[in-house]
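Undergrad: Sequences are here, hints too, so could you generate the full structure?
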Amino acid sequence: MTLESTSFPIIRTVGIDGMLVSFGDRLSEPANRAALAFRAEVEHAGWDGVEESSSSLVSCYLRFDPLYLTHETLEAELRALIQSRDWLQAELPHGRRLHRIPTVYGGALAPQLGEAAAAAGMSEAEALASLSTARVRVTALGFAPGQPYLGELPERWNIPRQQALTPQVPKGALVLAIRQFVIFSVTAPTGWRHVGQTAAPLFRLGHERPFLLAPGDEVAFPPVSEEVFANLAGDPEGGATWEALS
Amino acid sequence: MSRALIVHRAGPALTLQDAGRPGWITYGLSRGGAMDRLALAEGEALLGRRGAVALEMGGMGGQFEATEEMRIALTGAPMRATLDGAPLLWHASHLLPKGARLEIGPATSGAYGYLHVGGGFAEPEILHAQSAHLTANLGAPVAAGTRLAVAPDRGGETGRKLAAENRFAGGTLRVVESLQTAFFPPEQRARFGREGFTRDNRANRMGVKVVPDGAGYGVEGGLSVVSEVISPGDIQITGDGAPFVLLAECQTTGGYPRLGTVIPADLPRIAQAPAGARLSFRFVSLPEALAAEAAYRRQIAELPRKVVPVVRDPADVPDLLSHKLVSGFSSGDHHDH
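So the protein sequences, as listed, match chains A and B.
Taking my numbering, the leading residue of the first sequence gets 1, the next gets one more, and so forth.
Taking my numbering, the leading residue of the second sequence gets 1, the next gets one more, and so forth.
None of these hints come from the bench; they were simulated from the model.
Any given hint could turn out to be false.
[Said to hold, decoys possible] A short, non-exhaustive set of chain A residues, derived as facing chain B with CB atoms under 10 Å:
hint: 1; residue: S22
hint: 2; residue: L57
hint: 3; residue: P210
hint: 4; residue: W242
hint: 5; residue: L245
These figures come from a predicted structure and were not determined experimentally.
Cβ atoms here follow ideal geometry from the backbone N, Cα and C, with glycine treated the same way.
TA: In C-alpha cells:
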C-alpha cells in the first residue's frame, strides 16, 4: 500500500500479519491522542483473531492471524471504526496514570542543563522552573523496553539534537530534544541533552505491572536536591509515585 | 540430585530459547524467541512433546553432561556432535546416559543449532517465557559451569531422525511489500528482487546485514520518516545503503525506511544463512505470501509424521571408521539432508 493518498487516517499492511492505522506522517498532539484512543477501542472491540495491538507516536498497530481473520474482514472493521468518529477530536482513553518521578536537574548528575537552557534561550534557573513544572504524555515506548518518549514540552524547547553523540548517559538519564523527553532505561550513547537524572526503575521484574509507564500515561518530574536523590537509591520505586487519571 | 544438564564448556552464543514473549510491543519489548522457529518445531516432533524450549547455539555448541539419563534431540544448523567420542547424527533424537560427555562443536553449515531435552528445560520464566532477550537485557547467555534445570520426562523413543529442510546455506527469500516500500524508487525495488546479496559478518539476534552486489539502497530524504512499528523480517536500510534484515530481537519501532518484509516461512532461512552465504529476494503478492504461510504451517503440523527410526543404513554412516553403536542405535552423519 502507498502513501499516495495523504488524507489521514490511512491503513497499511505490515508484513503478512499486521495492519497499521496512521493518523499523521509526523508527531503531533492530536495524532498521538487519536492513536491512543483508537487503540483503546481496538482493545475494547476484542476482535477474534487479533493477537496484539500497540500504539506508537501517530499510529495504532494490530497483529493478527491472517489465516483465521482475513485482511479484507479486518480492513472493513477498521474502516468502520475509523468512520465512527473524528479521531483527531477524540478524548484520551481511561485507565491512564499520572506519575511523579523525582529528578535532579543539572550539576554533576545531569551536566547538560545549562547547555540545553542556552539552546532554548533561557537561564539555567528558568530552564529548571520550566522543565520541573511541565507535565508530559508518554507518546510511545520503544528503542529499549519500557523506555518512554514524552511530549510535548513548551515550544521554546524545540531545540535540535546536538551534533556529536554523548558517548554514554547513565540509566535513568532524562534527556531532551525537539520538545520531547526520553528517560534512558539502559546506559547508552545519545545525541539528546542530559538535563536531569532519575532513579525510578522503568522495568520491575516480578511486579504486577512490569513496565512502570504505559502509552498515554502522563509524567511530571519534580525537582529534588542531590542529597534527597542519594537517598532514593535505596527506594525500589526510586521515589516515583502515581495516581489514577479520571 | 536434581535433574539437570550441566554445561561444562559453552560457545559464545548459547541461550535458552522458546517462542518468545508476544504481547509487549506497546511497551517497547519485541517478541524475541528462537531465531529458527522451524528447528524448535523439529525438536518437538523428535521428542514427541509440545511447548519447546531449547538451548540455542550460535556458531558452535559446547560440552554437556546429564545428571541423570535423558532424551535429547539435535536440530537446526548441523554441528559436529559426539557422545563419549562417538559421532552423533544431527536432526535426530538420542539417549544421553548419566555422566556421558556430549560434545557439540562448530556448525558445518547454517548458523544456529538447537539442543532439546526430554521434559524440556525448566529455568525460571521472565514475563512467561524462558528465552533470553539479550537486547532487552532479559536473561543472559548460558555460560560454562551453569546447571540448567530439566523438567521430568514422560518418556518416549529415541534413535529417531527427521529429514530437515536444507535452509542452512542461504537461497531465495520471499518478501512482501510493507509500510514504506512505496517510498523507494521503482528502479531500486526492481533491482532488489533481481540482484544477489552476500550475508555479511555482522549478524546477531537483532538481525543480519546483507551486502548487495551492486549499489546501495536508500530513499530520497532518507531519515525523515516518522518512527513506526517494526516486525521481524523487515528489511531496514541504514546509512551505508546495505539492507539489514531484522530478526527475533529487533526493536519495536524505528525511523529508518524499510524496503519490505521477509515472510515468516523464510525467516529460518535468513536466520540460518552463515556469513558469506549467497542470498536473493523475490517480491511476492500478499495472496501468494498467505498461501506460503498456510503451506509452512502444514509443514510444521506434519513434522511428527516425518519422524522415522534411525536404521543402520550406510547412508547414515559417512565416517565408517568411527562407526559404532551408541546406546543401542547407530551413530551417524552430519550430512543427513
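Undergrad: Each hint: holds or not?
TA: Here is what the structure says about each hint:
Interface hint at A:S22: satisfied, since its Cβ lies 8 Å from the closest Cβ of chain B, which is below the 10 Å cut-off. Annotation: A:L57 was flagged as interfacial toward chain B, and the flag holds, the nearest CB pair being 6 Å apart, inside 10 Å. At about 6 Å, the closest approach between the beta carbon of A:P210 and any beta carbon in chain B falls short of 10 Å, and the interface hint on this residue holds. Among the interface hints, the one on A:W242 is violated; its C-beta lies about 16 Å from the nearest C-beta in chain B, farther than the 10 Å criterion.
Checking A:L245 against chain B by beta carbon gives a least distance of about 18 Å; that is not within 10 Å, so the hint is violated.
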